[in-house]
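Enquirer: Now for the letters of each chain:
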Amino acid sequence: MRQPLPQRLLGISGKLLIAAILGFIILPAVVVTIAAFNSKAILTFPPSAYSFRWFERAVSYGDFKKGFQAGLTVTLWASTIALVVGAAFAFAINRYQFKFKRALEGLLLSPLIVPHFTIGLGLLMLAAQTGLPRGYPLIVFCHVVLVLPFVMRCAYISLQNLDTRLELAAASLGASPLKILLTVTLPLLVPGLVSGWLFAAILSFNEFTASLFVTTQATQTLPVAMYNYVREYADPTLAALSVIYIVVTAVLLSLANAYLGLGKVLNVEQGR
Amino acid sequence: MTRRPFLGWFVSPAGLVALGLAAALAAVFQYSLRAYIPGSLDVGGFTLGNFADLLKPIYGSAFLQTVALCFETAVITLLLGYPLAYALVRTRNKALKSVILIIAVTPLFLGEVVRTYSWMIVLGNNGFINSVLMGLGLIQKPVQFMFTSFGVVVALVHVTLPVMVIMLAAALSHIDRDYEKAAESLGAGPIRAFLTVTLPLSMPGIIAGVTTAFAWTFSAFATPQLIGGGRVNTISTLVYQLGFASFNFPFAATLSVAGLALTLVVLALLKRVMRPLEKLGEH
Amino acid sequence: MPAGSPVIEDAPRRAAVQLDGVTKKFGGSVALHEAWLKIPSGEFMTLLGPSGCGKTTLLNLVAGFLDTDGGEIFIDGTLVTETPAHKREIGIVFQNYALFPHMDVAKNIGYGLRMRGVPKAEIARRVEQALALVKLTGYADRRPRQLSGGQQQRVALARALVIRPKVLLLDEPFSALDKNLRGSMQVELKEIQRELGVTTIFVTHDQGEALSMSDRIAVMSAGRIRQIATPDEIYRRPADRFVASFVGDVNVLKARLGSRQSSEAVATVGGIPVIVPAGPLNDVASGAAIDLFVRPEHIQLAPAGEAGTLRGTVSTHIFQGGHVDVYVEAPALSRDRILVRLPGVDAITRWPVGGQVGLRFGTTDLTAFPVEGDPA
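Residue numbers (the UniProt record's numbering), protein chains in the order written: chain A, 1 to 272; chain B, 1 to 283; chain C, 1 to 376.
Keep in mind that the hints were calculated from the coordinates and are not lab data. Don't be surprised by glycine CBs; every beta carbon is placed ideally from N, CA and C. There could be a bad hint or two in this list.
[Unchecked claim] Computed list of chain C residues with no C-beta within reach of chain A, every gap over 10 Å:
id, residue
1, 88
2, 116
3, 216
4, 222
5, 311
6, 362
[Said to hold, decoys possible] One-sided excerpt, in silico: chain B residues whose CB lies under 8 Å from chain A:
id, residue
7, 83
8, 102
9, 104
10, 112
11, 252
12, 274
If we strip away everything but chain A, and leave its shape as in the complex, we get (with noise of 0.2 Å):
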């Protein structure tokens, strides 16, 4: 059916406008990789010659590969820990009624609004008050509590989307409820929950504003490290690490997407 001029136009322009916007979220993208390229010490553009030395010069770096260690060690416990949590309490509430459920939820909820650095703040000034050191402790929990709202969300959509009549109907076959929730909910909820668990590690892995407050010189993870670096240098180490970062994000997700159903797992995809 050819549809009448102004609806065309409308259809014209709107996908010049999408393609405007995608652009505009992919520009430093390529602007970075075309920086980590540049041979010179100085960037300009276009780069008069091109070397991976820059790349070299990234993987190569102390503060990066112990920042890469820190912030790798900090990344899985706390993804971890935040994992457990999360599907445990989401389970919690979307089943049962307890008290303090709400104020529970709220205050597990709140690193959404409370500001990052008011989180990092906060735990520098318990540490400092209660005498605790800033070890990875500390830096493990600042993370698990900044990820376990996006854990938490992971699994209460997913346990939203299951059918409780299985459980029944696994409970009427006579299944403990220990039973039941080792072979029936357990199973279908790993999805939902390997997703939440990649989310919080992504998250946890990049997060750099409370980890400013609560690291120290020997703790700093890869962001922290980043920062510091850029503070100091002005040369392209900094762009290639990010090529690698970006790369390795896409790939990770990408793979989430085709395996997981990134769209169902943000819930942005019609059908449960």
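Position chains B and C against the provided structure of chain A, taking the given hints into account.
Expert: Just chains B and C now, with coordinates in the frame of chain A:
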């Protein structure tokens, strides 16, 4: 069912985390009421003096600047995010859907430092945009983007766009396409159908998106710090400077408390202003 | 038979399920009000009623998915009121079948046996038997989503039966099937039930399903059991207005109570006397207005003015395949049009629209109740 197996096991870990978070927030409140002892990391006795200091012009202007930044960012993000979310939900082309989704969502997971650094290269005096414009002969000397609130807003919009798109798309995906078809069958053009049906129905998503964009911008630190370069003062940059440059933790805490109060007030106002709009979506 | 009292005192077999005054509240509202019910072993008992009548609540209470707020439940003579669902030995088929999507057909059917620690070899044997019973041999390694609605239902049935439950619960199992399949599944389910002799509680809002499948029906409304009886009795001797109008089509005609004997009363409709059961009219004074309930197949049409008939005007025919529904206007008898069900197509030509006809009522199977709003 009134039986609640595992309730204690499932709630107590979350309760512990909540306790820690509450303690941290309480620590901020407590510090905000303490006297600052210059040159020492210890704090003095209880005082309201820190809150009196908030009235100094430099902090007033920082608050205003922060709120202005947040508003500009939230509005621009909404204007850019809506068409993208709409295209994401409505396109029937699966590959295109995936492409839009990946492009729109990836920046969310890149972290503030990587994104801010990328924008520094784009916006700098020797950066991409100025080089292109000069190369084309459109300008003679670089346009100053860095260290301006314009540059900060551009980068912040980029930071908040993914979450806005996710929230709008979630709302739009629950609106049946048939509503629009029904409106069009009743003689509304596509634009009228959109304005009278889809837009009002997506109000809850718009409110959630704007609220989150506002809160995130308020929380942003690396972007105003690096792109603003000290010339764009926000609550977050001041808190950091007070804490780590002058070790005035009590006043840093006071600013945080005031900032938190301001966020809550603005979000409450936002809800109030938008509630009549949300009602539109309930019909 | 008064509603809400114990029934079938002389049950020949032991009660497989017994409810003694079971009550359930949700918040302030009573979802189930003192239900008394005794289901003999092997019986096919249907809970029939509109949505929100409490039938699903009753089912969930028997299954142990809900806790009672009063009364006791016995299964096989054992008190189970406090027993959790997984220890009640019941089988249940849900409306949407609730097959485990992450298990294949054999794993689904064998689930209950695995929970009971039955040895692997025996599980395999009994799953195979169950598959044969529901005519799905060869489907063992399919996933539920690869099956049609009817096949999914068979798997759900096999899964519920393989554990040899003390009672089988069916929660609107046919409502997701299309009409043709529904009929054949009903026959098949009834055959399997009879063959295994398993006590069955079947929940439905479809009175046709209830009448065709049940040994007995409990008609429910607003949280109460209104009548428990065989399908035939429910249809011919409804206990109250609700049962009369919910089960089958019925015409409500204006009538007057005449004389009353012990169990029968004489009512007059348009001056013509008819016999009705006296039970429901105990509190009505002679000469008072009553409502006469007449089934559409208990009215015949005759030429207008014939002796013993009442006058009406034909307003519409609806051809129903096997029979014709004729709607007759008779304002003196009823506010609504009167439905008359006649066999054979010739009724359409014989009683043309707009024509005057005479209505003749059968002498049996009529019931009457006090006028709406009067205490029942």
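Enquirer: Next step is simple, just say for each hint if it's right about the structure.
Expert: To see whether the hints hold, each was checked on the structure:
1. Residue-level check failed: residue 88 of chain C sits 8 Å from the nearest beta carbon of chain A, not beyond 10 Å.
2. For residue 116 of chain C, the condition that its CB be more than 10 Å from all CB atoms of chain A is violated, with the nearest at approximately 6 Å.
3. Distance check on residue 216 of chain C: its Cβ is at least 23 Å (rounded) from any Cβ of chain A, clearing the 10 Å threshold; non-interface status holds.
4. Residue 222 of chain C, annotated as away from the interface, keeps every beta carbon of chain A farther than 10 Å; the closest lies near 25 Å.
5. Look at residue 311 of chain C: its CB is around 55 Å from the nearest CB on chain A, clear of 10 Å, so calling it non-interface holds up.
6. Once the 10 Å rule is applied to beta carbons, residue 362 of chain C is consistent with being away from chain A; the minimum gap is 46 Å.
7. Hint on residue 83 of chain B holds. Least Cβ distance to chain A is approximately 5 Å, under the 8 Å limit.
8. The beta carbon of residue 102 of chain B comes within 6 Å of a beta carbon in chain A, closer than 8 Å, and the hint placing it at the interface holds.
9. Against a cut-off of 8 Å between C-beta atoms, the interface hint on residue 104 of chain B holds, since the closest Cβ of chain A lies about 7 Å away.
10. The interface hint given for residue 112 of chain B holds, since its Cβ lies 5 Å from the closest Cβ of chain A, which is under the 8 Å cut-off.
11. The criterion of a C-beta within 8 Å of any C-beta in chain A is met by residue 252 of chain B, whose closest approach is roughly 6 Å, and the hint holds.
12. The closest approach between the C-beta of residue 274 of chain B and any C-beta of chain A is roughly 16 Å, which is over the 8 Å cut-off, so the hint fails.
When each numbered hint is compared with the structure, violations occur for hints 1, 2, 12.
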